[in-house]
Amino acid sequence: MTIFRTPHRPAGAIHEDVDHTARQTNEPPSTPRTLSLRGVHVRYDDGFEAVHGVDLDVAPGEIVVLLGASGSGKSSLLRGIAGLEAVTQGSVNVGGVDVTRMPTFKRGIGMVFQDGQLFPYRNVGGNIAYGIAHMRRPQRQERVNALLRLIDLPGYADRDVSTLSGGQAQRVALARSLAPNPPVLLLDEPLSALDAILREDLSLQLRRIVTSAGVAAVYVTHDQAEAFRVADRVGIMHEGMIIDIGTRSELVNSAHSIVRQFLRAANPDDASVS
Numbered sequence: 001m002t003i004f005r006t007p008h009r010p011a012g013a014i015h016e017d018v019d020h021t022a023r024q025t026n027e028p029p030s031t032p033r034t035l036s037l038r039g040v041h042v043r044y045d046d047g048f049e050a051v052h053g054v055d056l057d058v059a060p061g062e063i064v065v066l067l068g069a070s071g072s073g074k075s076s077l078l079r080g081i082a083g084l085e086a087v088t089q090g091s092v093n094v095g096g097v098d099v100t101r102m103p104t105f106k107r108g109i110g111m112v113f114q115d116g117q118l119f120p121y122r123n124v125g126g127n128i129a130y131g132i133a134h135m136r137r138p139q140r141q142e143r144v145n146a147l148l149r150l151i152d153l154p155g156y157a158d159r160d161v162s163t164l165s166g167g168q169a170q171r172v173a174l175a176r177s178l179a180p181n182p183p184v185l186l187l188d189e190p191l192s193a194l195d196a197i198l199r200e201d202l203s204l205q206l207r208r209i210v211t212s213a214g215v216a217a218v219y220v221t222h223d224q225a226e227a228f229r230v231a232d233r234v235g236i237m238h239e240g241m242i243i244d245i246g247t248r249s250e251l252v253n254s255a256h257s258i259v260r261q262f263l264r265a266a267n268p269d270d271a272s273v274s
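Going by the working numbering, the residue at position 160 of the sequence shown is 160; the numbering climbs one at a time, nothing skipped.
To be clear, the hints were calculated from the coordinates, so they are not data collected in a lab.
Hints are not guaranteed to be accurate.
Computed Cβ-Cβ distance ranges for the label pairs, DEER-style [what the hints assert, rightly or not]:
(1) D152 with G61: 40 to 50 Å
(2) T211 with D98: 43 to 53 Å
(3) G61 with R137: 38 to 48 Å
(4) K106 with I197: 33 to 43 Å
Taking lysine to any residue and the SDA-like style, the derived pairs with C-alpha atoms no more than 20 Å apart in a straight line are [unchecked claim]:
(5) K106 with G90
(6) K106 with H134
(7) K106 with P120
(8) K106 with R149
(9) K106 with R122
(10) K106 with Y130
(11) K106 with A157
(12) K106 with T88
(13) K106 with A86
Where is the CB? At the ideal position from N, CA and C, for every residue including glycine.
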């Protein structure tokens, strides 16, 4: 279960911040689509430091998955990147710009939450078009249709969102986040509310969609199988730090005993995890 140590922030405020980002962002395709973190710390008001000293680079079209136990700092790091929590030390660079002290709505970041949070008063097309209201109508409709094709839901623009399955709704939420063409996409356990069979299928679709969009993506999950299906690289988080990062084959041979123990705990019958 994800732990957020921010009781002073109402849950709806998170979505309001990111929705405002979608309304304001208009990143041109030529913007560098990279994410770079240097020495990032996140400390909460009660003095608890959830993230300390994280360095991370994510390339265009790459998906880095943050994997770790509850309380390891993975969601806190994601919130720090988004600006939903203050980075108390270090820097966050998005698309070639230092955004460390910028408010969320100026960062040009797309974000997908656990539950999608589609707007019930808008149809599918209206949800996807929410962040691109500045476009002229023909261009906006073209962008919506292109994204519907990307998520394998062509012709769904006029559908009521209440008629969508859980997997379809999450794909629409993903398309809405991609509509303003953000250089960076953050995904906070986007499949956790779905059943295991649907998660497996949708994780592969999600990987195809995100890499096709060419964004630098950071994806948080507690599910190891999902992590390795989705990721180009997996970062293992422990006590607020990324203690190792790499492919599955690299991590099972990690020099860090904590990483090997973590992988073995979830895969006790896997002989490749020594």
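To see whether the hints hold, each was checked on the structure:
1. D152 with G61: 40 to 50 Å: 19 Å, violated
2. T211 with D98: 43 to 53 Å: 26 Å, violated
3. G61 with R137: 38 to 48 Å: 30 Å, violated
4. K106 with I197: 33 to 43 Å: 40 Å, holds
5. K106 with G90: 19 Å, holds
6. K106 with H134: Given pair K106, H134 holds - Cα atoms ~16 Å apart, limit 20 Å.
7. K106 with P120: 26 Å, violated
8. K106 with R149: Violated, at about 28 Å.
9. K106 with R122: 25 Å, violated
10. K106 with Y130: 17 Å, holds
11. K106 with A157: Violated, at roughly 28 Å.
12. K106 with T88: 18 Å, holds
13. K106 with A86: 14 Å, holds
Violation of the numbered hints given earlier is confined to hints 1, 2, 3, 7, 8, 9, 11; the remaining hints are satisfied by the structure.
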